[in-house]
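**Q** The lines below spell out each chain.
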Amino acid sequence: MDDRQLVELFWRRDETALEETERKYGGFCFGVAMRLLGEERDARETVNEALYQAWDRIPPERPEKLGAWLGRVTRNLSVSLWRKNHRQKRYGGIAEALDELEESIPSPESVERELESAELGQLISRWLKTLPREDRVLFVRRYWYGVPLQDLAKETATAPGKLAQKMYRLRADLKTALEKGGHTL
Amino acid sequence: MNKLNSLHIYEGITNIDIDIIEEAKTPVKKNNITWLKRAARAAAGLAAAFVLTVGACCASPALAAAIPGMEDLVVLISGREAGTAESGDLETMYSNFRYYDDWRQAGIADEDLRETPEYYEHMMEVEDQTFVLCDVTINARDLVADHRVDMSRITADNKEEGDLVLWIFNICRPWLLEGLYENSTFIGEIDYFSLHSTGETDYYHFAIGPNETLTVQVGFFAPTSELESGNVVLASDYDGPRNVYRNLYPVPPRS
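Line by line, the protein sequences are chains A and B. For the first sequence, our numbering begins at 1 and goes up steadily by one. For the second sequence, our numbering begins at 1 and goes up steadily by one.
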């Protein structure tokens, strides 16, 4: 069943939409959540919640790329769970990515204003579109999909040290782009 | 101005465009060999010829004789396509390899490195790396040019077709020997060049004239395990008016 048909099921309020979506994208969403949270039980709950959110939001939304859309919902839910539980649990994937991002994007003691994530997402999207495709995919696979650096090194046939250099440069470049966009880091 | 922390950035990344997320579902296979192919075309148009050049270590008696104490060195010289405008050749000779667990032990000032100390500290956290320092003698043998070439003024944009100059634009960090042509893994660029330029010009820019010989120091990071097994190669490039040439030298294994 393709994405268009799945979305039509949601629009018709046909409950098989949930079953079919889980069959098609459950594994993908679980992988996203698992990489970020590293705990199977929390990851499964996050995927279930993502499916419920899909049921709530479609309609009125009509995502063209359901997999990526669901993945984004799953990631947002994972971050929410991280916010809620990180004092009690250390979620490996997110914590690791935050450590990396913090290295070139220092965390201030106090945050003057919490920027809307969607607005920031647009800014980062514009920056990503200025990159060569190879760099863009690399950055997104590391910081969106949460693929470990060692795995990325294998995917791209690059030495881990070399890849770490590239990621460092990309983060520094993002920092510059955000500063040009009027944000202090 | 809005102050952001790393979690904000993370959430922002979460909400990037769906198209970008979709695009990155599958990895892009990196094409590491574009410039090697270019070099191979310049050498002979054949990959096999290029690899043959690597295998055929040829001593350079003229250069070795000119520099006392360097008679035993091996110099690898890549070929030149017949009929091109360039005249003369460029040789690079490597010697006196030293290995350090930390670049600071080599007595190199932080400001002379290509990148910041934080950059290298991060790199070493990710992978066990050794800092290698060596001497490189560059000889513009029989180079035909009517003036000393000031590399600080030459860029990829203003270099003109047919210029009778050799353009040394880079000294590369090593490649792994195994599968040199088809499956090689590019490690990176050098991290220290004793003649490095300052300011906005390329870090590697320097000047050399016809028949001039320079001795410089080059430093780079490479994975310790690869160095110990002798899998690392130094490559020096130079770019003439029509072709790119490459000299390769295997780095002696770290004992």
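Calculated directly from the structure, the hints in this document are not laboratory data. Hints may be right or wrong, so weigh each one.
To be verified - Straight-line C-alpha distance at most 20 Å; calculated EDC-like pairs for lysine to aspartate or glutamate: (1) A:Lys24 with B:Glu23; (2) A:Lys65 with B:Glu125; (3) B:Lys25 with A:Asp2; (4) A:Lys166 with B:Glu228; (5) A:Lys129 with B:Glu127; (6) A:Lys166 with A:Glu119; (7) B:Lys25 with A:Glu22; (8) A:Lys65 with A:Glu19; (9) A:Lys129 with A:Glu119; (10) A:Lys154 with B:Asp17; (11) A:Lys84 with A:Glu22; (12) A:Lys166 with B:Asp135; (13) A:Lys84 with A:Glu49; (14) A:Lys129 with B:Glu125; (15) A:Lys154 with A:Glu119; (16) A:Lys24 with A:Glu8; (17) A:Lys65 with B:Glu127; (18) A:Lys175 with B:Glu127; (19) A:Lys166 with A:Asp151; (20) A:Lys154 with B:Glu115; (21) A:Lys65 with A:Asp151.
To be verified - Computed list of chain B residues with no C-beta within reach of chain A, every gap over 12 Å: (22) Lys25; (23) Asn96; (24) Asp102; (25) Asp191; (26) Pro252.
Stated by the list, open to error - Going by beta-carbon spacing under 7 Å, a handful of chain A positions derived as facing chain B: (27) Asp3; (28) Trp127; (29) Thr130; (30) Pro132; (31) Ala164; (32) Tyr168.
All residues carry an ideal CB built from backbone N, CA and C; glycine is no exception.
**Q** Checked against the structure, which of the hints given earlier come out wrong?
**A** Hint check: 2, 4, 5, 6, 10, 11, 12, 14, 15, 17, 18, 20, 21, 22, 25, 27, 28, 29 and 30 fail, others pass.
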